[in-house]
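Trainee: Protein chains in written order, with our numbering: chain A, 5 to 455; chain B, 1446 to 1742.
Note that these hints are calculated values from the structure, not bench results.
Incorrect hints may appear among the rest.
[Stated by the list, open to error] Below, simulated DSS-like cross-link-like pairs (lysine-lysine); rule was C-alpha separation at most 27 Å, straight line:
hint: 1; chain 1: B; residue 1: Lys1727; chain 2: A; residue 2: Lys68
hint: 2; chain 1: A; residue 1: Lys317; chain 2: A; residue 2: Lys363
hint: 3; chain 1: B; residue 1: Lys1721; chain 2: B; residue 2: Lys1610
hint: 4; chain 1: A; residue 1: Lys167; chain 2: A; residue 2: Lys187
hint: 5; chain 1: A; residue 1: Lys93; chain 2: B; residue 2: Lys1607
hint: 6; chain 1: A; residue 1: Lys370; chain 2: A; residue 2: Lys437
hint: 7; chain 1: B; residue 1: Lys1736; chain 2: A; residue 2: Lys98
hint: 8; chain 1: A; residue 1: Lys291; chain 2: A; residue 2: Lys317
hint: 9; chain 1: A; residue 1: Lys394; chain 2: A; residue 2: Lys412
hint: 10; chain 1: B; residue 1: Lys1670; chain 2: A; residue 2: Lys98
hint: 11; chain 1: A; residue 1: Lys296; chain 2: A; residue 2: Lys412
hint: 12; chain 1: A; residue 1: Lys437; chain 2: B; residue 2: Lys1610
hint: 13; chain 1: A; residue 1: Lys93; chain 2: B; residue 2: Lys1610
hint: 14; chain 1: B; residue 1: Lys1727; chain 2: A; residue 2: Lys93
hint: 15; chain 1: B; residue 1: Lys1610; chain 2: A; residue 2: Lys187
hint: 16; chain 1: B; residue 1: Lys1727; chain 2: A; residue 2: Lys187
[Unchecked claim] Residues from chain A that keep clear of chain B, each with C-beta distances beyond 10 Å, as calculated:
hint: 17; residue: Ile25
hint: 18; residue: Leu132
hint: 19; residue: His233
hint: 20; residue: Lys363
[Said to hold, decoys possible] If you only want the chain B side, here are some residues facing chain A, beta carbon under 8 Å, derived:
hint: 21; residue: Val1528
hint: 22; residue: Phe1542
hint: 23; residue: Leu1599
hint: 24; residue: Ile1602
hint: 25; residue: Leu1652
hint: 26; residue: Ser1694
hint: 27; residue: Val1698
hint: 28; residue: Pro1720
What you are looking at is a predicted structure, and each value in this text was computed from that prediction instead of being measured.
Quick reminder that beta carbons are idealized off the backbone N, C-alpha and C, glycines included.
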Amino acid sequence: METVLNMLQDPNVQWVLLGTILLGIASGVIGSFALLRKQSLLGDAMAHAALPGICIAFLLYGAKSMSWLLIGASISGLIGTYCIQAIIKHSRIKEDTAIGLVLSVFFGFGIVLLTYIQQNGSGNQAGLDSFIFGQAAAIVGLDVQIISVIAFVLIFITFILFKELKLITFDPQFAQGIGLPIKWLNGLLMTMIVGAVVIGLQAVGVILMAAMLITPAIAARYWTERLDHMVVLAGLVGGISGIVGTLLSTLSRGMPTGPLIILAATILFLISLIFGTKKGLLPKMVKQWKVKRLVTRENVLSSLYELSETTLKESEGKEIGSYSFQQVVELRPVSTFTLLGVVKDLKKEGLLAEEQANKQLMLTEKGLELAHEIVLKNRLLDMYLMFESKFPVSNWREGSMDLLNGPKEIIDELRALLKDFGREPNGLFLYKKKRKIGNKGFHSAVEGSEG
Amino acid sequence: MSYEGWIILTGSLVGITCGLTGCFLILRRMAMLADAISHTVLLGIVGAYLVSSSLDGIYMFAGALVVGLLTAFFIQLLHSSGVQSDAAIGVVFTSLFALGVILVSLYAGRIHLDVDHALMGEIAFVPWDTLIIAGMDLGPRAVWMLGAVLIINLAVILLFYKELKICSFDPEMALAIGIPVMFMHYLLMGMLSITTVASFDSVGAILVVAMLIAPGASAYLLTDKLSIMLLLSAGIGVASAVLGYYAASMFNVSISGMMASMAGLLFVLTFFLSPKHGLVMKWFFRRSLSKGSNGLQ
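Assemble the whole structure, with the sequences as input and the hints as a guide.
Mentor: Here it is, written out as structure tokens:
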């Protein structure tokens, strides 16, 4: 820890840190749009395509001037993007092939130029090939100024045009329909991606720049469904990766900063993949487990209700009857493991009783009432689905489908249908009738049956 | 054979091997997997060295094969858990490559492998690294390696031609008639991995990607038949290698970079001049159409 604090006092490390943080934030923000437009790998292609531009700028200018190199990189990055689009538009070659083609050919040509400069250069070309892998440690004050200016411009444009960018990302047709300059906005977004790539070249290099655009954005995607939150989160993930990677690389000599930043981002991505609240694997599993539990619970109750219905009918409501696990599972197959857990819960809630002697299950009165409700609901739903065309289209169907407290006409009609088919769940009724006879005598039972 | 001859032979072998494999990748829209695997192979080579502490060809092959298949597997895994395919590729290959670079720089002193070399390759050194068995000089190691891989690839393609063809053009149909689609996928990934590692050492990752994609893409614009596409792709690969070598020696620049540029140049030519799918032919066709309609008026 102390070494880290010591390191932080070094102005060089401070510059590098500032540069990588800003780079992480900007590329996370821009990457979110690229990801949602399914153009993540375009950033990879642009980064590779920037290499010949850097070399040509060096050849023309004759010295290593950061701003000229970046301008060269931007121009050839944009030309690469244009080539990709032209290939897709004018031939039957698909997007991935076009991207790979432009990426490798431009990069190959860049290497040709690089070796040409090395053979014939004025000797001032040292460090030109550091663009391939990036050299965050070599970032100086001037570079950080350039990085911060571009990063701030990118974030500012995103902020100002957020609504427009959102629209062309999610619904380009609609955006065109309301008269937005689609072509212009698309071009702007491409230029912004190139901008993010260009400022990343020096820190993380051509090859790993793609990760800076993709990884923070995809990590953020697991936590939210809203674009504005996602953009902020992606910026945050990118910034944190920048900090972590840079600090780790200062700890030991010769550790490359770029790859460490990428690995930090990857770890954040893995954490999001597992724990992310919106699409993460763990929350998804918990949700699925809960649904399974609920379905099993309803299945067990319905099966027991149906079994009890027969017994109640035969005994004229005298006994609910008890049944083995086997009989319950036969009606609606469920996994044994879930079944045991569910039965335990039901017993705890007093909905179910178990005869210890021969392991038979039996509904309690409270359980019978709940089971009645579930069975009634399901059977009403069956009727509804069978005669769906009979019922007027209503919002009710779209919404919660509360079959016990829905619109009265519909429920009444469904109940009548149930009666016609002889599918009315009458177990609870039989049981209550018997009990009323027991408690209050014969007359009240007759009254009950009439009501 | 002369120094020059060996280099051209090596380049041509890369062109044929990659050209053949690349056709299937293009047809199955997996071109970016070539890019991904050609990068992650670095991790395989470093990993193989750390496990076996030797830079022997066999270990490199095994390591690259394992990591190549792992790359394909991870991408598949992420994709099936809901990550869109381009992002899945991007996340997996960059992180594995970053890991590879970190390992290389950690053990930089001990491994005879630097990252620049891995990326750009040193085809110029190929003729000096010869295979010597029982005191007999059998020619460059790279030629033997590439030759072996070419034979394996040819055998796989000849053996599974029909299956590969159906999987490439109509995966649903392939699944329906009982072709083990998953197996074919990983077979192709295995082919891709060994092709990449064999070419990697001599020509570097970038030329591998260029040779995998560019000749196949050009061939795709020249024909509608898979068998002809394969032949054309191999031929264009060889042409890029030969032209690239002479252009490179003329300007005294990177040979593998020039071969990649030539592959790109040949693509640009077919893009404009292909008899059926080329831009120029399309333009003529459109003009004659509009002339014809003018005549009718």
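Trainee: Each hint: holds or not?
Mentor: Do the hints match the structure? See the list:
1. Lys1727/B <-> Lys68/A: 44 Å, violated
2. Lys317/A <-> Lys363/A: 23 Å, holds
3. Lys1721/B <-> Lys1610/B: Measuring from Cα to Cα gives roughly 22 Å; hence the hint holds.
4. Lys167/A <-> Lys187/A: Holds, at about 16 Å.
5. Lys93/A <-> Lys1607/B: 31 Å, violated
6. Lys370/A <-> Lys437/A: 15 Å, holds
7. Lys1736/B <-> Lys98/A: 31 Å, violated
8. Lys291/A <-> Lys317/A: 39 Å, violated
9. Lys394/A <-> Lys412/A: The given pair, whose Cα atoms are some 15 Å apart, holds under the 27 Å limit.
10. Lys1670/B <-> Lys98/A: Cα-Cα ~18 Å, so holds.
11. Lys296/A <-> Lys412/A: It is violated: about 31 Å lies between the C-alpha atoms, which goes past 27 Å.
12. Lys437/A <-> Lys1610/B: 72 Å, violated
13. Lys93/A <-> Lys1610/B: With Cα atoms ~26 Å apart, Lys93/A and Lys1610/B stay inside 27 Å; holds.
14. Lys1727/B <-> Lys93/A: It holds: about 13 Å lies between the C-alpha atoms, which stays within 27 Å.
15. Lys1610/B <-> Lys187/A: 39 Å, violated
16. Lys1727/B <-> Lys187/A: Holds, at about 25 Å.
17. Ile25: 18 Å, holds
18. Leu132: Label holds. Min Cβ-Cβ 12 Å, cutoff 10 Å.
19. His233: Correct as stated: the minimum Cβ-Cβ distance to chain B is 18 Å, above 10 Å.
20. Lys363: 40 Å, holds
21. Val1528: 6 Å, holds
22. Phe1542: Nearest chain A Cβ about 7 Å off; hint holds.
23. Leu1599: 23 Å, violated
24. Ile1602: 19 Å, violated
25. Leu1652: 6 Å, holds
26. Ser1694: 12 Å, violated
27. Val1698: 4 Å, holds
28. Pro1720: At about 13 Å, which exceeds the 8 Å cut-off, the nearest Cβ of chain A leaves the hint on Pro1720/B violated.
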